[in-house]
Each structure stands twice: as structure tokens, then as C-alpha cells.
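Chains as they are written, first to last, in the working numbering: chain A, 37 to 536; chain B, 37 to 536; chain C, 37 to 536; chain D, 37 to 536.
Hints may be right or wrong, so weigh each one.
Copies of the same chain are indistinguishable here, so a pair counts whether it falls within one copy or spans any two.
[Stated by the list, open to error] Straight-line alpha carbon distances no greater than 30 Å define the calculated DSS-like cross-link-like pairs of lysine-lysine that follow: (1) K287 with K246; (2) K210 with K431; (3) K504 with K517; (4) K499 with K423; (5) K499 with K290.
Hints listed in this document are in silico derivations from the structure and should not be mistaken for laboratory results.
4 protein chains.
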Amino acid sequence: MLDAKEVAKHNSRKSCWVILYGTVYDVTDFIDSHPGGANVILQLAGKDATVEYDPIHPPGLLEETLSKSQILGPVDSSTILKPPPQRPASTSPNTTSEPENPISHTPLPPLSNQLNIADFALTAEKTLSPKAWAYYFSASDDLITKEHNSSAIASILLRPRIFKDVEYVDTSIKLLGTQPSSLPLFVAPAAMARLAHPDGEAGIARACGKNGILQMVSNNASMSLEQIASARASPSQNQWFQLYVQTVREKSNKILQRVNETGYTAIVLTLDAPTPGKREADERVKNFGNTTSAISGEGVANPSVHTGEGLGRALFAGTSPNLTWADLEWLRSQTSLPIILKGIQTHEDALLAANNPLVSGILLSNHGGRAMDTASPPIYTLMEIRKYCPEVFDKVEIYIDGGVKRGTTIVKALCLGAKAVGIGRAALFGLAGYGEEGVGRVIQILREEIETCMRLLGVNSVKDLGLKHVNTSAIDHLLYKTPSYKTNVTRFVEGVKARL
Amino acid sequence: MLDAKEVAKHNSRKSCWVILYGTVYDVTDFIDSHPGGANVILQLAGKDATVEYDPIHPPGLLEETLSKSQILGPVDSSTILKPPPQRPASTSPNTTSEPENPISHTPLPPLSNQLNIADFALTAEKTLSPKAWAYYFSASDDLITKEHNSSAIASILLRPRIFKDVEYVDTSIKLLGTQPSSLPLFVAPAAMARLAHPDGEAGIARACGKNGILQMVSNNASMSLEQIASARASPSQNQWFQLYVQTVREKSNKILQRVNETGYTAIVLTLDAPTPGKREADERVKNFGNTTSAISGEGVANPSVHTGEGLGRALFAGTSPNLTWADLEWLRSQTSLPIILKGIQTHEDALLAANNPLVSGILLSNHGGRAMDTASPPIYTLMEIRKYCPEVFDKVEIYIDGGVKRGTTIVKALCLGAKAVGIGRAALFGLAGYGEEGVGRVIQILREEIETCMRLLGVNSVKDLGLKHVNTSAIDHLLYKTPSYKTNVTRFVEGVKARL
Amino acid sequence: MLDAKEVAKHNSRKSCWVILYGTVYDVTDFIDSHPGGANVILQLAGKDATVEYDPIHPPGLLEETLSKSQILGPVDSSTILKPPPQRPASTSPNTTSEPENPISHTPLPPLSNQLNIADFALTAEKTLSPKAWAYYFSASDDLITKEHNSSAIASILLRPRIFKDVEYVDTSIKLLGTQPSSLPLFVAPAAMARLAHPDGEAGIARACGKNGILQMVSNNASMSLEQIASARASPSQNQWFQLYVQTVREKSNKILQRVNETGYTAIVLTLDAPTPGKREADERVKNFGNTTSAISGEGVANPSVHTGEGLGRALFAGTSPNLTWADLEWLRSQTSLPIILKGIQTHEDALLAANNPLVSGILLSNHGGRAMDTASPPIYTLMEIRKYCPEVFDKVEIYIDGGVKRGTTIVKALCLGAKAVGIGRAALFGLAGYGEEGVGRVIQILREEIETCMRLLGVNSVKDLGLKHVNTSAIDHLLYKTPSYKTNVTRFVEGVKARL
Amino acid sequence: MLDAKEVAKHNSRKSCWVILYGTVYDVTDFIDSHPGGANVILQLAGKDATVEYDPIHPPGLLEETLSKSQILGPVDSSTILKPPPQRPASTSPNTTSEPENPISHTPLPPLSNQLNIADFALTAEKTLSPKAWAYYFSASDDLITKEHNSSAIASILLRPRIFKDVEYVDTSIKLLGTQPSSLPLFVAPAAMARLAHPDGEAGIARACGKNGILQMVSNNASMSLEQIASARASPSQNQWFQLYVQTVREKSNKILQRVNETGYTAIVLTLDAPTPGKREADERVKNFGNTTSAISGEGVANPSVHTGEGLGRALFAGTSPNLTWADLEWLRSQTSLPIILKGIQTHEDALLAANNPLVSGILLSNHGGRAMDTASPPIYTLMEIRKYCPEVFDKVEIYIDGGVKRGTTIVKALCLGAKAVGIGRAALFGLAGYGEEGVGRVIQILREEIETCMRLLGVNSVKDLGLKHVNTSAIDHLLYKTPSYKTNVTRFVEGVKARL
């Protein structure tokens, strides 16, 4: 048993110990390879860091990362002023009517008063820690693409038909031909769910299970992929695993092996973030506490070192920036699961993917506006595919995410050819404060909105939704025009002129 | 004579009595079939509920709904602390110059100071109860369609001509060939007028009678259809009855029989709301008082039960969600009155209606933005009809409602082919506080605005209004383009290219 | 000499006397024919009304209107508590650096600090009486056209050229072939200038004379047309007279005779206001003081009586609503001056005017947004003419007004074919507080902005401005499309399709 | 040694002495030819004017301007109450973590907390003097073009591609074929840098040198061109000199001789400002302190004298307004350096420039919105060139500036054909408070944003950026349409119609 006062002496770069879950670790040699940066560790050097460490690191990470000699043994809890917190248990499902946010300890509105996704966002902003809110809310640069994701699809009009018997509507679909879902809705991969609630990604899994919809599990989840898998309602509940390929490819091989063994039913390969976007709200939270950082003269001298901080950049550490189409062969060699490409943003890439026999589906996404600012809303990409290469719809399933706050948004994407639509922030905002229950309520709200929308359209099942139900005139002219398209029109005009 | 203290003991789901207009009713068996939900009744169990009950239920309803054994007899008024209120009498027409709102008892601006519809809305917001305001003001989801209804038509430009003798203008029209109206304006069906003023729908009827315009009477009026009919200025005053067909069809048969017998001159069949839209402002009023409601875990378990509340959903209870074109035959079998279809939102349905011999007119409407959010403004539908199937104008009369706040709006719709234009909220806002007088002032304002607009256009009569008086270029490109339209253009370009 | 206490007894509809400029008038018989309504007089009955009467009535009006027997003689000034104000003298031109507003007596910013038209508007809002500000600022309904007038032309882009010698620029033009102007700018007819400053229309005349530009004098000026004429800097200063034809045509004949005799050099016939627009800000000022007005039940009973008040409606009284093209013959019979038609808002009317040999010019105007709300900005009309009937430019001179706040606005209109551009409110805002000096500063500011704009365009004289200097793409698609234009395009597409 | 009390007596237009850097000057004869106006000098007459004079005048100017007899000799510093300030030394590079603004002496945020250009603007607004902020921030008239510069390019969408190896990206370019730059970014010529920080233009030079990018040096720099040249990191650092040709051509000849001798590597001839724009914010700062100025009656009398003041107009004094293409021959006769034309705003001028053998490059610029308001954003001009005369890209290099706040903006311009993109205000805002370090941070931020953008696009080097990476549909229709283009389309439609 180590004395906390002894630990406290190792509080510098030369010798740096920390207490985590009652055990003392010597992280001196690890400081400079910490994805989150050295400063974060040094601020906690010699102290109990459990509260800060816990919600953003999956279990097992310490054991993976450190050698046995760096695990110094248990601390004598009587020697520390504040006793080390226990890893928090998941809240029980039978929440009371005045639920209390386990993170901020402020009272939450009754869940039945949360009428829409915007209500959940409002509550999340009030109850999350500033750091967590900044991480979830932030998007790249000036948030133009983030806002555009919502506004573009809102400008599409719906065309309700009359005299249709809509007593019953069937919202169910089958993903990849065999995986049933009660809704054309899934939870898109989003990192660090335990920042919102101790239920974390397992809570999302339970809510998806109860509601019969797909969860895509983030490579950067704050729980292990096995923990999240074990939260399935039944073995038949579908979870797909999102993969960031690591520069050290062997790490990804190991992850894929675990994924293969744990019952995940597809791989979602993320391609829209070969480098992290600049999410200033996230970076700013770090900066504000960071008064000791010197003016980065070194940054000027060595301009290739990007200077931003923030959780987004930290999570990105180790991700491979040099994937090419050839790497699909490697991925197939590591797993026989269906492969989905996430982050398609042009019809050209959609067509390349559709023509690649290793690809089963594509997820049109701009990373929720968190990668390239002023990238197209994914609904534009969907319409671009229809305009230039509609054969893609016959070859792969097309999913879409970004900016989804309403059932009408989901139905519009289906009318234009999407197979299913993902929510990212909406699920996390449901989780914030309420845990699994909140995610369930979010799904319930969207289910009711989808059903109402389908009924008002006069449609009984998802497969009956089509182009005739949407008026896209407000954005038709905003789609990309290929140089050849422009040339053809010009040549056409020129040609007819020449003949007159 | 029952003692109120005895009544007060029956205040639970097991035994539930209420006092209404001095009589005690046992509603224990009715609680779960109450369209407005059980909670509303249980909150008033054992009490005098007249004030809450009165403005949203037509007279006669209790007798229709309850059996004789459930009518327990008169209460001894001396035993209740607050004496039961009398059914309020209609305010006398000779209002003083400083009228007092009979609902909120706040002073109202002199009626002559109300210069436009926006003034009335402002006053209504201040004087109505929060519940009534929420019910009238609310629209679906994010109110996009509600706002769009107004903004779309505001972006159409008017084209005044010069050197026209406009000393006299004739604003009169004939509806359905024989029913005269002094204006191309009608009051569209809107429910629950007594929430605004005790004059209720009868007050609207009197104002319409004095001004010589048509009233469409809501199926969900807060007065009986006979009461409203008896407010006619003369037997020749036209009232059309709006019908929500009930799931229990026999109920609708009975209503139609009463309609046939009471001198209504057309049936308006509502088709734009086979399920209620999600009017969150309305639902929220309920929710805010509803702190005891548990987190709706059941809702999650049984997702087909929609969880929203609100007056809009309550009124919808019992409405048939499964009408088809075949039901027009049933309707014709129940009445020989002309049939108008309300809620046409596409040119396809307009054409189907026009080609149906049972249909005399269509009312282009998105339910004032209260059904599908992001549905088209009705002016788009009107223009769509002209673009794709102008023969509709020759076969049925076309009416339009939604977002009307100005005479110019009405004139523009006429220029584009509408026969008459309806106001919904505007009439209710006129009623709020002022009663019949307010509705009269609203009609007077619109009459003056219509006349001024026609004079400035250089037009003497409604029939002279035409396409040449409006510039629709700001919205022409926003209309729905049929797939065949797009195909034709593409094929055209392709074809000419092929020949060059 | 009459005693004021005696006058004070005649304060009712039965016997109504007022004191004006020290003389007592019996206006009992005149009350009901007062264009501004009876109420205004009755509120001043028995009192000295000079302050209220003076700024909105031209001199000589009393003598014209009343018979000799109604002029009762001078009042004994010692008998009235407040001595009657003298008709105020024009302020002397050598204003001090801290000028004082002669109306509100508040200090004004130094004139050299007023850098643009918006500065003057801001000062005018602060220094004018609420009634005067409302009259000048107001426009019809929702002010959509008023705002559009400015925004439409602001969206046209200018195209500066380089390497042009712009040391000298010549901004002068000749109107109607012979009337020189130092700028392509004129003061459009605007009523009631003495509401802004005692200098009134004569002050505008002096400023125009010193700056060598045209003044159009309003039919509703607050000074006599002879007074305004006598303020000319020289006999060669051009003033055009704006005419509202009166229902009693003989009145207009008399006015035209005076115009002919006083050296005006053209007649501007106003055609965009056969009925007054609904300027609610103007009407509201009246209403607010008007707490005794009863609810206008009569208005409901007699809907053809429009209920609005306000200075705008009062000034309109007596104006003929039934002019036709045939009346041009009458006008020619009364004057040999060139005739300009004001208020052309369509290319159809522009073409009719151009083909009429009695017409020398047309003024594209929507009355500053004060007549029809949602009418086109005049720049659209100008572009419409170029699109559909450019021959108009060869047959008549085209002037334009509405929303002019910047020199760039003026230059853009010239590029598109206007001969000269008018300012209305801008001149009145200059007059407000500062009098003639302020109008001069307004003209000076616009002169400098025009010169700067021309230099930056690389243009030396007005005649060199052309289509190549403006990019109108932002509004090209918003112009009116004639039905034949649409038909042609459709027929064209149909036709080519048929041949493929 | 002169006594300050003696100097103080010479405080009038008759005899006007000032103390500058400890020396007394007699400027009596110079007052009326002072470009900044007489008033500014008279306010400082008889006083030590060093603080006011220093930041806006380059050294050596006094010696150039005044004769020896006007230099009266040193002042006895003991005789002045406040000792004369020394010319401030450049701040040392090793700034502390809480830097202090040398101008406003308020604490600055740590430089590493400045995450984007907007952060620097915010800090600059707080720390600069009102006069300096107004001069930098201001733009012409209503700032429409200034805002449009940013918004137009923000509405262009980027099209990220997937599966590209973007581990390495190369942002370097070569200007004019031989001058390397580490980024496609340069600092555009901007005047009066010492208003922001004593480091002035030399500080910008050092930051550009360390970062390997081009600086264009303003003709109106607040330091001598030799001082700025001597701040080069090495002889190979590129600086281009921006020239305003003077009316007294001999002055420009002398400047060009100095430029030729000091190692500048190109001449940037400014053509977008033959007269100064109306920058009201700048003019207003002067006006507010200027309560003694009389109402400018003279201005009215002599309208060709523009009345505005402000630093912008003062700096313009002496600039030639009459350059033509022929003057390029003169310029070539004075220098053999490559000639760049700055201020091209139409495709017509771009084509003329491209076909002129004396021109090596063109800088598309509207002077940062400071010349003609409502001129096109330069990105429109770039697209116009591609539409109408793409051969320009083959003949000259095209640079662009205006509204650049993000790396994405820069990359978009490159995709559309620009060679490099300039920042003006961004560099000055970096300089404000922080000096050279701040400029370095600005460049570093943009470098990182450019690199991130290129990686997310899937592009490895600048030359790979192309039209396929941008979707310009949001602005395609806003480009100038030549009359011939319109005619062709019309003729085309007419022609085909004729054949049907």
C-alpha cells in the first residue's frame, strides 16, 4: 500500500505518478506519447486523476498501454484527503419522475416534457460540463456546413396526398437484405458517450435494442466494444463497428479480431476525416484553462506542427492519413463482415464505391459538419448521385447522416433514395442527464414524427416513399454541375446557334 | 339536491363525479374514453368543472354521451364554496368605446384603432388564455409551413395599371354558381371559437351575415351546428359545414342528417389531417401543468401509441384515418349538398378531384400549417395546377386558405385563379375579446384592403383580375417539377445534342 | 376686435369658430367638407388653431374656401392667454455651427457631420414631430415595396474599369432636350414640406436653384405654387408642376392656369394613386390621440366607407379616381407644357405612353412605396421595358424615383437607361431642422457620390454610362415574364420535343 | 537649444512651429499643402506633435518636405512639461505569456488562444485607437462589397474526395515562375501599419520572411521602403512594391528608382482607386472631434470640392487620377521589374491586361471593399474570366484578395484558377498589439487551415486543386452576363422557334 503523500512528490515531468481507481501508476515515460498531450497529465501529476480520466477512456486501456513495472500498486485510501471515486454504476432503469443529472446534479425536466430533439439539445447544454458540450456541439471553422446540413433538407417540401387509408403504417426496413430494423433510423457512430452519462455507449445499445434499431459503435467509444456488445437486448440485435484505421496497422488488426468475435454485423470504415477538422469550440475549452502556455514561437518556426488542441484532435492521434482504395483488400483480409464506407461526399466516390465488389453500402456524411467546413450537405450528395449516376442505388445501400432533428427530415431522405438515416448528436443529447431512457425517448419522438409524416403523405410503408413525395426545386440548382455537364449545355447552345 | 361535500369524495378513478352547470354527473365509466384524456377529468374529479368544460364543449354533448343513470341530479349550490357559473350570455352588440375582454377582463384597444390583422393578433396574444392562444397560434413542428404560407405569397409582386376609371369597384362573386358573396373572402372552418369569446361560432355567423360573406362551420365547433345556423342574418345566408368523418361512421351519418336539415349549403370534407399534426405549442401548455406524469416508459415499450397531448390531438379523437376516394359515394348517399374537398396539396389530387363528378370544388389548404410541416404553401399548389393541369379551373371551383393577413394576398390568389380565399386565425383573433364586432372589423379591414388593391391595379371587378396583374417570378422556379417534366427537358437537351 | 372669450363659446358643431393668424373665422358650414375630417376641426373649435393649421395649408387657402361673411374679423390679442404666433420667417442662411431645429428646438448635429442620407433620416426622426415623421416615413401596409425599392437596386453590381483618365467628370444632362441640369438628379414631388421646416418648398427651390437641379413641385405643397416659383434663383431655373387632377375638374383648370402663368416648364401628371395607399404609421398617429372615437359600427354597416384616417388620406380628398387616357386631351387643352406621366409600373403602360404623342416623358414610380404594397421596385419596370419594348427609350425620356439613398443607386439607374433619378424623402429629411441648407447638403452629398462612382467606373460623362457597367444577374430572373414569353418557351420546348 | 515656451507662441496660421523628435520645425508655409489638411496641424501648433505624427509618417519625410531653413534646431527638453517621446524600439521577440499592447497598454490574450482571424479582429477592435480601427475596418458607403467579398466565397462548396493518401501535402508555389513561396498566400499592400504596432511594415516583413511568403509593400507605408527592405530575412526574400502613381510624375520616378535599388522583385500598380472611396467610419472619427468646423456653405457653392475627410482621403492626396494603358510604357521605362496590375474587376480588363506584353500578372481586387461599393467580389471576376476568356489563365498569373478569413477561402480561389491569395486586414489585425509575432500567428493559422483543407479534399499539392473540387452553383447565376451572351440566348430561342 502506497502513501498518497509519497505519490504527491512525483508531480513533474521527471517523475510523474498518478492514482487511478485506487492504484498508483508511473506514467513518466508515457507523458510525451499521450494522445491528449502532456499538459493534461502534468496538471494531475501526483494526484488522484480518476474523475478526469474515467469518462473519456475505455476500461482496459491502462493495462494495454503500460508495462507491469509501471503499475506500482494500490494506494492507501486513508492517506488521501478525498477518497477515490468508484467506477460509477449504471443508473437503474426505473428513474423517478424528477430525474437528477448524475453529472451536474441539477434537476432535469420530466422526460415526457421533452417534445423534440431541440428540447434535448437545450437540456444538454444546461446539464453537460462545458467540455462535454463543446465536444458534442462543436463543428469545423464557422459551423457553415453544420447549419447547412439542417437547412438544406428543411428547404425540401413534402407533398401530402389525400384519400389514402393510413390507419396502419409500416416503418420497418431490412438493412443489407437481412438485418431488420423497426425504423429507417440508426444511431451513427459518436465518440465519448460517457461524457454525457455513465450509461455511455451501453445505454445507447440498450435503447436501440428495446426499440429495434441499429447502433453504429464508435471506434472512439468510452467503453470497450465488448462492454457495448454485452448490452445487446438479444443476440440478434445488430451493431455495426465504426473503424478508424490506425497508422500502426497491427492495432487495427487486433481491434478487428475482437469485432469479429463479438457479434458485430458490419464494419463502417470512416473516410471523411483523414485529418481532424478544426473544431474551435472544442479547442477553446482547453485553451481557456491553459494560461501557462507560452506563445507558440515554435509553432511559427516549425509550421508543419498544427497547434490546435481539444478532445477532437486528441482522439485522432494515431489515425492513418494515407488510406487508399487498395486498403479495402487489407480490410477484407481481416474480416468477412459487410463493409460500409462512411464519408462519401461526391457522386464520383459513390460510383467508385458502388463499382467496388468489396463495398456493401455507403454512408453519405460530412462528419456532422466536423470535418470540412463548407462541404456539401449530404442530401446534396444523395441528389447528385441521382443526377449523375443513379445506378449506384442498385448496387449499394445508401445511408445518410447529419443535421437530423425531425421525422420529416428522415422521410425526405428516404424519398430521395436513402435506405436509412442516422442521428449522432441527437442520441448523445438524449443520453445527457437521462441516460438510456433519454435515448429511448429520442427514438420514440422520431418514430412518432416519421409515422405522422408518412400518414400525412398518404403512404403505408417505407418502400412506397418516392420522388413524387418531395419538391426539391429550392435546391435543385445548387447541386454540383460537372464540367462535362456545363460543356454539354454550352456545346448544345453553340451547336444550335451554328445551325440557325 | 346533492351536497357538494358528498360530491367531493368521488374524486378518483374508482368513483369520479363532476359538477357541470349545477348538475352532478358520474363520469367514472367515461374517464378512459374521454377524447381529451383521463388526466384532465381526474384533475377536476369531485369538483365543479363548468369553467373548464364550457368553452370547449358544444351544448348537448353531455346528454348525448352519458346515460340517464349517470346524471345524478342537481347540486345544492349553497354547499359549494364558489357558486357555479351560469352559461355566459352573448355580449350585447352596443359595446362601449373601452370594451372589456369577457375572458381576461383586461381593457381592449378601441376597435377603430385595430388597423390590420397583425394588430388583432397582438391583442389576442395579450387577452387570450395561454391555452387558447397556444391552440390558435400553434402549427406543426417548427412552423416552417405556417410562415411559408405568408411569405410565399408576399413575394409575388402586383402590377398596377394606370389611366383606369376605378371610381367603382365590384368585389362581389357567386360561389358554386348561385351563392352570392359580397367579397371573394370566407371564414374557413376553425374549431373552438368560444375559447376566444362567448359569442363563439354564432358571433362569427352574425358578422358574416352582416357583411354578406360565407362561413364554413367547423365540425369541432364549440357550439352546436343548430346554434350556429340560427345565428344567420337571413335564411339566404350561406354556411357550409366542414366534416371530419368519424371512425364510427354512424356518428357522421347523424351529423350529416342534422346538417341537411339545418340549411347548410355545402359540405367541406377535410382531407389534410388523417392524423393530427404535431403542434408543440399546444402540447406544451398541457405538459407544463403536468408535473406528476411519470416518464413514459410504456410509450417506449409500445411505440405505436403517440405520446403527445394538447387540444388538437384531443379534438382529433375518433376521426377516421382511412378514407379513400370510394368514400365519396358514401358521402353522396348521406347528403345532396355540393361537396368540397379540403386539403388538396398537389396538382395530382386536384386533377383527380376535378375529374370526379361528385366534387364541386376544392379547397387548397395545408391546414394553416397545422398538419404537415414543410408542406407547400397553397399558392404553390394553385400555380402547380396552372402549370400541369389548367383544365381543373374549368371543372371545379378552387378555394384557398392559409397565411392570409392582407387584402393584397387575397387579390393575388384571385389573379392566379382562386375563386375565393379563406381566413382562419384572422377571424378568431378578431373574435378574441371583441366578439362578433371584432370579426366584423376584420372583414371590414380586408374589404377595404381588397378594394384599395383592385383600384390601384386599375381593375373594376373580380372577374377582370388575371395573370397579367401578378409577377410570380420570385417563386416560379420553386414549384414542383414532375419527373416527366425533368425527363422531358433532359430528353430534349439530349435529343438536340444528338442531332448536332 | 373680437374677444377671445367670446370666440371660445363657439366650440361645437352647431357653431364653430377658430382663430387663425389673428383673425376669427366661422367654419361651422365647412366642418363636414374638411378634407382632413371634422374631428380635427372640432378639437380646435373656439381656439387659436394657427400652430396646427399653418404647416399643412398653403397661404390663400382660407380666402379661396370661405366666403367673406365667414371672416368675422381680427381678435383682440390681449384677450387670449397665449398670443397668436406670427407666420414664421424663413431662417437666415448664415446658420451657426450648432443649428437649432426651429420645430423641436433641439440642437442639431453640425451639417458637415451629416455624411450620407441615412444620417439625415436619423436626425429627422429625432427632430420632427411624431406626426410629421409618420407622414414622411410611412408607406403602405407592411412597407415591403418601400424596402424593396432600396434593396433591389442595391443588389445590382457595378463594374469598374481601369486605366481611364477620370480627372474630369461631367455629370450634367439636358432634360427634355433643352432644360439643363448639373446632375442627373431631381427632387421628386413631395407634399407638406413645411411640416419639416418653415423654409418649406421654397427652401427646396432655393437649394435646387443654387445646385442647378430640377424641382418637381407637389400639388399638395404647403406653400402656394407662386411662392415656390418666386424662390427661383433665376428665371431659367426649371420647376415642373405635379398635378393631381381634381374630381371638380374646374379646380384643376384654375391651377393649371396659374401654373402656365408662373413659369413652370413641365406638368407631371400623377397616376399611381387613384386611391390613397394604406399608410398605417400615418393613420396611427391620428388614432392614438383619438380615444373618444366610438367603435365604428357604422363602418361595418356601410362597408364602402373606408375607415382609415391620417394626413395621406386627408390630402387625397377631392382627387379624381376616374382618369383615362382620353383625359390627356383635356390636359393638353389646358396647357402647352410638356406632359410627364408619373407612376408607370408596367412595360405595357410605358409602351402606351411612348406611343402617345401627347407624352414627353414617363416617371417610373410606385409613389415611394406609399401606394400599392408589393408593387415592383421601379428598377424592375425599367428593366422590363428594356426586355420587352426597348423602343420606349427612343420615344420618351424615362425618369425614376424611390428608395434612392446613394449616388451608386443613381448611376445604376442611368446605366440601365434612366435619364434622371428623383429623391423624395431624402430632400425632406435634409430640410428637417436644417431648412434650405440641409437640402443643399443632401444634393452635395449625392453629387460627390455620383462623381466618385463615375470616376471609379472609369466614365467621364453621363452619356457614357451603359449596360456594360452593371451586372443585373441578381434580379434578372425576378422580372415579369409575359404569358406570351412563357408560352413561347413552352411551345419551343414542346416543338423541339415533337421533332425528336 | 530652443525653449518650448518660445515654440508655444508660434501656434497660429501666421506662424506655426511644431516639435518633432526633439527638433523644432517651422511649418507655416506647409500648412495648406498638408495632405491631411490644415486643421490637424493647427491643433498641434506650438506643441510637441511627435506622438500624433509618428505612426502615420515614414521617416525621412520631414527632410524631404522641408527646406533647411525651416528646421529651427533642437528643443531644450527640460523646458517642456512632458519630455519628448523617443521613436519606439521594436518589441523584443521573446514576448511574455501576458503580452501588453504597446499602444493601448491593455493586456492581450495569449497568442496561442487566438484561434482564427476573427479572434484577431476582435482583439484589434479592443486594443487599437478608434482612429486606427476606423481606418483599417472601414470600407465604402454601406460596406456591401466588403461583406460580399466574404459571403460570396463562403457560399462556394468544397468537394472532399476519399481514399487519398494525404500524409504529406505540399503548399508551396512559385510566383512569376521563379519566386518561391511556402504558401499560396501573400500579404497584400496595406497602408499605415505603425498605427497598429511600432513594428509596422518591418514587422510584417520579418513575419513573412520567417514563414517564406511574399509581402507586397504599400506605397503609403508608415516606414520607408528601405527600412522595410532591410527587415528581410535574407536577400532572397521576395517583396513587391505597390505603386500609386503621383500626379507629379517625377515623384514616382524617384520612388521607382529607390525600389529598383532596394531589391524589390515586382511592381504592383494600383488601378482600383483613381479617386478615394467614401469610407465613412474613417471620415467620422475626424468629424466627431471636429466641432469647430463651420457648415460647409462653400462646399455647396463649389460642388467639385469633395467634403469628406479621414485618413483614407489624406493618403490619397497627390495620386494621379488620369492613368491610361499608355502609362505602362512610362512605367516600363522606369523599371525592369515584372509589372502586376492591381484592381482588375472585369473580364474585359483582365483580357486587355493579358494581351499586353508589359503585364506579368493581375491582382483581382476591389480594394477590400474600400473603393466602389456594390462592386463585384473578386471571386466573381475570377469566374467571369473563366466563363468568357479562359485564355487569360495561360497568359498572366492571377492573384486575388479581399475578405479572406479562412484557409478554405484561399483553397477555393486556387481551385478556380488563382495563383495566390492575399490578406490585408488580417495581417494588420495580427500586428495589432502583438507586432511581428501576431502576423506570424496569422500566417501559421492560415497555413494550418490550408493544409487541413487540402488533406480533407484529398489533394497533395497546390497544382492538383481544380474545378472538380468546388461546387459554385450557388453563385454561377450571379455572374455578369454580357449583352452578347444574352443576345445569343435570345437569338437561339428565337431561331429555333422560327424553325418549328
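Each hint tested on the structure:
1. K287 with K246: neither (33 Å within a copy, 39 Å between copies)
2. K210 with K431: within (16 Å within a copy, 45 Å between copies)
3. K504 with K517: both (23 Å within a copy, 9 Å between copies)
4. K499 with K423: both (21 Å within a copy, 29 Å between copies)
5. K499 with K290: Neither. Shortest intra-copy (39 Å) and inter-copy (39 Å) distances fail the 30 Å Cα cut-off.
Hint check: violations occur at hints 1, 5; the rest are consistent with the structure.
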